[in-house]
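2 protein chains.
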Amino acid sequence: MSKINISEKFGLFSEEWTPKIIAQTNGQLVKIAKGSGELVWHQHENEDELFIVFKGHLTLQLRDQIIELSPGEMYIVPKGVEHCPSATPDTHFMMIEPASTKHTGKLESDITVSTEDQEWI
Amino acid sequence: MSKINISEKFGLFSEEWTPKIIAQTNGQLVKIAKGSGELVWHQHENEDELFIVFKGHLTLQLRDQIIELSPGEMYIVPKGVEHCPSATPDTHFMMIEPASTKHTGKLESDITVSTEDQEWI
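These protein sequence lines map, in sequence, to chains D and X. Take 98 as the starting number for the first sequence in the numbering used here and just add one per residue. Take 98 as the starting number for the second sequence in the numbering used here and just add one per residue.
It should be emphasised that the hints constitute simulated quantities derived from the structure, not laboratory data. The reader is advised that the hints may include incorrect statements.
[Unchecked claim] Taking lysine-lysine and the DSS-like style, the derived pairs with C-alpha atoms no more than 25 Å apart in a straight line are:
no.	chain 1	residue 1	chain 2	residue 2
1	D	LYS106	D	LYS152
2	X	LYS152	D	LYS152
3	D	LYS117	D	LYS203
4	D	LYS100	X	LYS199
5	D	LYS117	X	LYS176
6	D	LYS152	D	LYS199
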């Protein structure tokens, strides 16, 4: 493989809440996404989900607390924990999660991207 | 868990080539380390090793190529691939790898930190 410039990868797409895969390591996919506004409440029964923010501001609403992430901050939503991400305009973040992780968990919404349709860039 | 400010975590230690664990997700450990000069040639038989650089410049010598990583760049050394990391003074980087991954693979050198001795910060 070649090295990956994360900033360049963010320049390759503009869709929001549409994770793009940039690498795979030990069965985990490294994904980047842009967000703005609110996604949907969902959970991943069997997978932890790591978020690292690179630009903007990502809010992870949980049922019992709200996590506010600025650039350089990260959080892991443990498996089974309901969460609803929301973001200020043009927020850039990375997620690391198993290849099996579905975009919005069991919930299928209009903005859900199926595992098969998540694109490598 | 609380959110993690990656920069603050780098401020908590000064040792070089001594990975500190900051999080665990899906059986993978998220570690940060500082480096300067050269580590040693080694390999991890069963684990890929993801590197993301935050500050300075990290060089990953492989037997057939040299990967040069500046801040915002990442690379995954595939399992079984020999590598020798080197870095400019005060380079800061993150590694994500399975909890089973040994610091310098099968090689035990003076600077090897055993899996059991890798510290959570």
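Structure-based check of all given hints:
1. For the suggested pair LYS106 (chain D) and LYS152 (chain D), the alpha carbons sit about 13 Å apart, so the restraint of at most 25 Å is met.
2. In summary, the hint linking LYS152 (chain X) to LYS152 (chain D) is supported, as the alpha carbons are separated by about 17 Å, within the 25 Å threshold.
3. Proximity of LYS117 (chain D) to LYS203 (chain D) is assessed by CA-CA distance (about 20 Å); at most 25 Å being required, the pair is judged to hold.
4. Restraint check for LYS100 (chain D) and LYS199 (chain X): satisfied, since their Cα atoms lie roughly 23 Å apart, inside the 25 Å limit.
5. The hinted pair formed by LYS117 (chain D) and LYS176 (chain X) meets the criterion: a straight-line CA distance of about 24 Å does not exceed 25 Å.
6. For a cut-off of 25 Å, the pair hint linking LYS152 (chain D) to LYS199 (chain D) stands: about 24 Å separates their Cα positions.
Of the numbered hints listed earlier, not one is contradicted by the structure.
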